[in-house]
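Protein chains in written order, with our numbering: chain A, -7 to 247; chain B, -7 to 247; chain C, -17 to 285; chain D, -17 to 285.
Check the hints yourself; a few may be wrong.
Calculated lysine-lysine pairs in the PhoX-like style (CA-CA distance at most 20 Å, straight line) [said to hold, decoys possible]:
| # | chain 1 | residue 1 | chain 2 | residue 2 |
| --- | --- | --- | --- | --- |
| 1 | B | Lys69 | C | Lys184 |
| 2 | B | Lys119 | B | Lys69 |
| 3 | A | Lys124 | A | Lys98 |
| 4 | D | Lys184 | C | Lys259 |
| 5 | B | Lys98 | B | Lys119 |
| 6 | C | Lys58 | C | Lys116 |
| 7 | D | Lys142 | D | Lys58 |
| 8 | C | Lys266 | D | Lys184 |
| 9 | C | Lys187 | D | Lys184 |
| 10 | A | Lys27 | A | Lys164 |
| 11 | A | Lys191 | A | Lys119 |
| 12 | A | Lys98 | A | Lys164 |
| 13 | A | Lys27 | A | Lys98 |
| 14 | A | Lys164 | A | Lys174 |
| 15 | B | Lys69 | B | Lys98 |
| 16 | C | Lys184 | D | Lys116 |
| 17 | B | Lys101 | B | Lys174 |
| 18 | C | Lys271 | D | Lys187 |
| 19 | B | Lys27 | B | Lys174 |
| 20 | C | Lys271 | D | Lys184 |
| 21 | B | Lys164 | B | Lys27 |
| 22 | A | Lys27 | A | Lys124 |
| 23 | A | Lys69 | A | Lys101 |
| 24 | C | Lys184 | D | Lys271 |
| 25 | D | Lys187 | C | Lys184 |
| 26 | D | Lys184 | A | Lys69 |
| 27 | A | Lys151 | A | Lys164 |
| 28 | B | Lys151 | B | Lys101 |
| 29 | D | Lys259 | D | Lys271 |
Just a sample of chain A residues kept apart from chain B, beta carbon distances all over 10 Å, derived [claimed, not checked]:
| # | residue |
| --- | --- |
| 30 | Ser39 |
| 31 | Thr73 |
| 32 | Gln79 |
| 33 | Asp138 |
| 34 | Arg139 |
| 35 | Glu179 |
The set of hints was computed from the structure by calculation and includes no laboratory data.
If you're wondering where the values come from, they're calculated on a predicted model, not measured in any experiment.
Beta carbons are placed, not taken as given, at the ideal position from N, Cα and C, and that holds for glycine.
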Amino acid sequence: MAKRIESLTVTDNHRLNSEYFILTLLSPGTLPEMKPAQFAQVRVEGSPDTFLRRPISIHDADRENNTIRLLVQILGKGTETLSRLRQGDQLNIIYPLGNSFSMPLKGQKLLLAGGGCGIAPLLFMAKYLREKGFNIDFLLGFRNRDRVIEYEEYSSLGKVFLTTEDGSMGEKGFLTDHPVLKENRYEQVYCCGPEPMMKAVASWCRMTGAACEVSLENLMGCGIGACLCCVVDTVRGNLCTCIDGPVFNINDLKW
Amino acid sequence: MAKRIESLTVTDNHRLNSEYFILTLLSPGTLPEMKPAQFAQVRVEGSPDTFLRRPISIHDADRENNTIRLLVQILGKGTETLSRLRQGDQLNIIYPLGNSFSMPLKGQKLLLAGGGCGIAPLLFMAKYLREKGFNIDFLLGFRNRDRVIEYEEYSSLGKVFLTTEDGSMGEKGFLTDHPVLKENRYEQVYCCGPEPMMKAVASWCRMTGAACEVSLENLMGCGIGACLCCVVDTVRGNLCTCIDGPVFNINDLKW
Amino acid sequence: MVNLGFSIGDLRFRNPVLTASGTFGYGSEFDDFMDVSRLGGIVVKGTTLEPREGNPYPRMAETPSGMLNSVGLQNKGIDYFGKYIYPRISEYDTNVIVNVNGSYVDDYVALAERLNSFDRIPAIELNISCPNVKMGGMAFGTNLGSAREVTRAVRAVYMKKLIVKLSPNVTNIVDFALAVEEEGADAVSLINTLLGMVVDVKRMKPALSTITGGLSGPAVRPVALRMVWQVARAVKIPVIGMGGIMNTDDALQFILAGASAIQVGTASFIDPLASVKILEGIEKYLTDKGISDISDIKGYINR
Amino acid sequence: MVNLGFSIGDLRFRNPVLTASGTFGYGSEFDDFMDVSRLGGIVVKGTTLEPREGNPYPRMAETPSGMLNSVGLQNKGIDYFGKYIYPRISEYDTNVIVNVNGSYVDDYVALAERLNSFDRIPAIELNISCPNVKMGGMAFGTNLGSAREVTRAVRAVYMKKLIVKLSPNVTNIVDFALAVEEEGADAVSLINTLLGMVVDVKRMKPALSTITGGLSGPAVRPVALRMVWQVARAVKIPVIGMGGIMNTDDALQFILAGASAIQVGTASFIDPLASVKILEGIEKYLTDKGISDISDIKGYINR
Ligand SMILES: Cc1cc2nc3c(=O)[nH]c(=O)nc-3n(C[C@H](O)[C@H](O)[C@H](O)COP(=O)(O)OP(=O)(O)OC[C@H]3O[C@@H](n4cnc5c(N)ncnc54)[C@H](O)[C@@H]3O)c2cc1C
Ligand SMILES: Cc1cc2nc3c(=O)[nH]c(=O)nc-3n(C[C@H](O)[C@H](O)[C@H](O)COP(=O)(O)OP(=O)(O)OC[C@H]3O[C@@H](n4cnc5c(N)ncnc54)[C@H](O)[C@@H]3O)c2cc1C
Ligand SMILES: Cc1cc2nc3c(=O)[nH]c(=O)nc-3n(C[C@H](O)[C@H](O)[C@H](O)COP(=O)(O)O)c2cc1C
Ligand SMILES: Cc1cc2nc3c(=O)[nH]c(=O)nc-3n(C[C@H](O)[C@H](O)[C@H](O)COP(=O)(O)O)c2cc1C
Ligand code: FES
Ligand code: FES
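My request is simple: use the sequences and hints to build the entire structure.
This is the structure we're talking about:
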């Protein structure tokens, strides 16, 4: 899985709502091999205030058409600039970066849990798992009904359990409030989202004995292990989110 | 003539050749009063390397439609970014800035001489003079036939004499090589272009006793007289190109 | 109503947004765009006893997120100022501060003495940090002994508020702040420009006629902020922070780090309205947060 | 064929493009993108005697045209380096230089002594300018006496080429360059990062866990270039320039100002190929101009 720097062509920029959009990018050659939870370091051109690249997960890959998709949340100047990309524009990225979710054991009961832009790597993971013959449940959390994105996409890959903070769709509350967690005995959980959410899921897993991997979202200088800025404090000392992660087993974290 | 900051809408971006383009900009209100040789300080958005505004002459103004036109030469990162503006984009400018060419005396024989993007203010000036009933000759210099721009426009306002460095159109050589300078006795010359060209025209004027005003193109920090960066060494000491100029009588310069 | 004001001794400023010397002319350059009197104050161009032509063109170069200048204190001297500029500038209903420069201690002293008699000038900013003059300027601001000497001498003759503007081109700016505080400065302002340079590769020559110049703009902001934080923790007098402040967020960084007020410099070139926008932005920020007095957030990060 | 090489004493570099410590890992991070052996040299991560965990997260903040870091010399120590990294890094056909750090003079000395025996390490870069450690680092590089002392002590034990990396956070960097030259440094490299700070206004807290950090990237380039120019005119030993070099043009600015070589730092984060692109760009520039030896343009602006 050699990393590469490549300028891809934007073939689509699809706006999901005021906050989210999906970029479809065409590689000039054949896509590299990629694994779920890997990410790309995206160069934001034309934004005077974004000096560094921005890490964005591989949301989806279409090997036949050599396209990848990125699901992006508008958070600041970088993502705002990306949201204005138009068909035909070029986007320079370094990819694929980082480790990936581990494979579950045969027959394990799996949960993919995520919230906000943290749901991005879960789609790729779900497709991967489906190919290997696993059944999956999703547990996805959003602020409210209007924020729910890609419900159909995920529904086509597994059962989707939803929470919204205001209860306007699915269960009211946070992810860990969802009754499905009481009704089922998940053995392996893959999780990505805001840190408080991941911490809540992690402690639920610890309680129930489920294995749990989380994909972290630290600030990154380089994305390739060269700057040591993206560290996370683990039981094995400071590790780099970009090369030792983004996926960590919660047992390695000091959460 | 109060200066103002305003975001104008790009209604057209017309490419003349590989080096030149003309932006048509629509003011959201009524255009301010403007005089020939005045300029705008243009904010270049989306270019990480252009921190300061760029001074660009008012090439033309259409008071009925509240549009102005800027003739721009692609020279570096700022003008390159401007060249990619599309219809509907906004452009923030401060205008109108600077002094202007003085009015000629009745009946004077006039020459408007320019080269490169220096021809920009001459169009506005020519229209202005025509309104006041003056006849004008243009003496315009370009590198070669392919570089000749706006020949028709200028021809509709006066007689156009051309030089190209390689002789592929008009007379071969530099502006001051043109025979029209020997054949005519111009009394007032308005000139804008690269410094060596303006200096040559200036010394020709000194020789023949023609009055001569040149519009200078210094590096500018602010364009409004606040930074004192744009100075030109005159007989009255350092003056600011942005507020004491851009037009100077050659007798005031130490050329 | 939010209280935005601050004081240097008994001199009251209605809000903490000032403009930086050399970047706002004499105010009048901005009259077309805004009501200058809304600002907490304006610091006018660097002024000297005698007229100065400044350095030869080119005096400016653009840099990544910044600019280099070597204007070199071009100004018409104090006589001209008194006669032609002072009457006009006195019309502003805000604190007009003169930025005072000299080649020798005596120059500073003579100029400060003259300024005592200008009723509408309640304070001077002693510029011991100009990097663009051969004599004086930064030489005073990078040597502790000289910084003390010139501050002491001016303090002895100047009756109103004395602000000393510090140079960032030193190993330890806190030493300088403490020294001038001890010598009687009523406030310090920082930073002046960082000494920098650009080479024009095409012409294979320095971009500036003076080779080196002063770097300003957002590029220097992290350095400026660090110095303001260091100084604000060390001195008791008010600290006026500046260096690359472009918007409200930037200004708040300085106030959270301990500045009592800020100056807007290079930003005014890019957006002549920058200073008033920042003023409005700070007011909105405090209102939104339900904070009634700006002093409540001053130095907040140290708590 | 253009001659791009330069030498530090009898140590030959095939070209003047090196990578800066802390920004290029141990080279291997870049193997996927380029042939690291094409470079004139690589300076590996800051190394200490004992393993170090560095500073807590967050250690980084983006700034206008730059970044702030406070990594704090995280590394696994010289033993680990010798055992696991050295064998791998020795495969590169270029000069591999180790960036040497310590809290006390004795640390530097012990580490330098150890490095004598690493055959494939022809030089060390003495880092007396790290702003991100509580002890040592910049403390050595901002005090003339200490700078002298540590250089002298290391020189006494280290047999190969000694490069001393200077701090820009000083009033007069030339004094430091002259001092370490006198103490036997074979070359100087500059600049390390400028001490800076960012406040996160939303959280009302410093952006970095360490409050202050080191500023790098194009923002600092004018300051770096000025210092390189000043130092190159003062010392006789080679000067390795760095600070915000992103492309060929930037690199040429430093060489025209007197640098014998340059290091590419932060640029490698934005474009991992920056160093080789700059190398190719310099070669093309000289070829196009018909210049056969890069030394012909070194310090050209001083002529
Ligand atoms: C491995 C990885 C994968 C990611 N995948 C995705 C993805 O698929 N889709 C997506 O939308 N985003 C993803 N992110 C997050 C994304 O990188 C940030 O949202 C983006 O960099 C913000 O850039 P900006 O310029 O818009 O915001 P900025 O203007 O830089 O920042 C806006 C605000 O957000 C905060 N912020 C920015 N980045 C981070 C961060 N990484 N962690 C915490 N706070 C931050 C800043 O401190 C600031 O307050 C991922 C991050 C990592 C590390
Ligand atoms: C009053 C005035 C009116 C002008 N009117 C026009 C106009 O109508 N149309 C037009 O195309 N241009 C005009 N110019 C010139 C224009 O401002 C510059 O070409 C522009 O700023 C270059 O910006 P850039 O970012 O593209 O180039 P940069 O990347 O900034 O520079 C590219 C190269 O050009 C040099 N350069 C840039 N600006 C100048 C300058 N002002 N003088 C000398 N050298 C310079 C730089 O040193 C560099 O080598 C005018 C300038 C002034 C002062
Ligand atoms: C063109 C220019 C001229 C300046 N002239 C002066 C001056 O005369 N006196 C002075 O004390 N500072 C002068 N400065 C420094 C500014 O007042 C300010 O300290 C510095 O620019 C940093 O702030 P900024 O980054 O917001 O511009 C000047 C700065 C610029 C850019
Ligand atoms: C993330 C990071 C880590 C660094 N670590 C070191 C280091 O360990 N030792 C050192 O001497 N310099 C270190 N530096 C400084 C660089 O080597 C270089 O001096 C500085 O970044 C200026 O160059 P640049 O602007 O090209 O990055 C580091 C810089 C960065 C950005
Ligand atoms: S982002 Fe640079 S090491 Fe991880
Ligand atoms: S450009 Fe600032 S004074 Fe003329």
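Which hints, by number, does the structure contradict? 2, 7, 9, 10, 11, 12, 15, 16, 19, 21, 23, 25, 30 and 31
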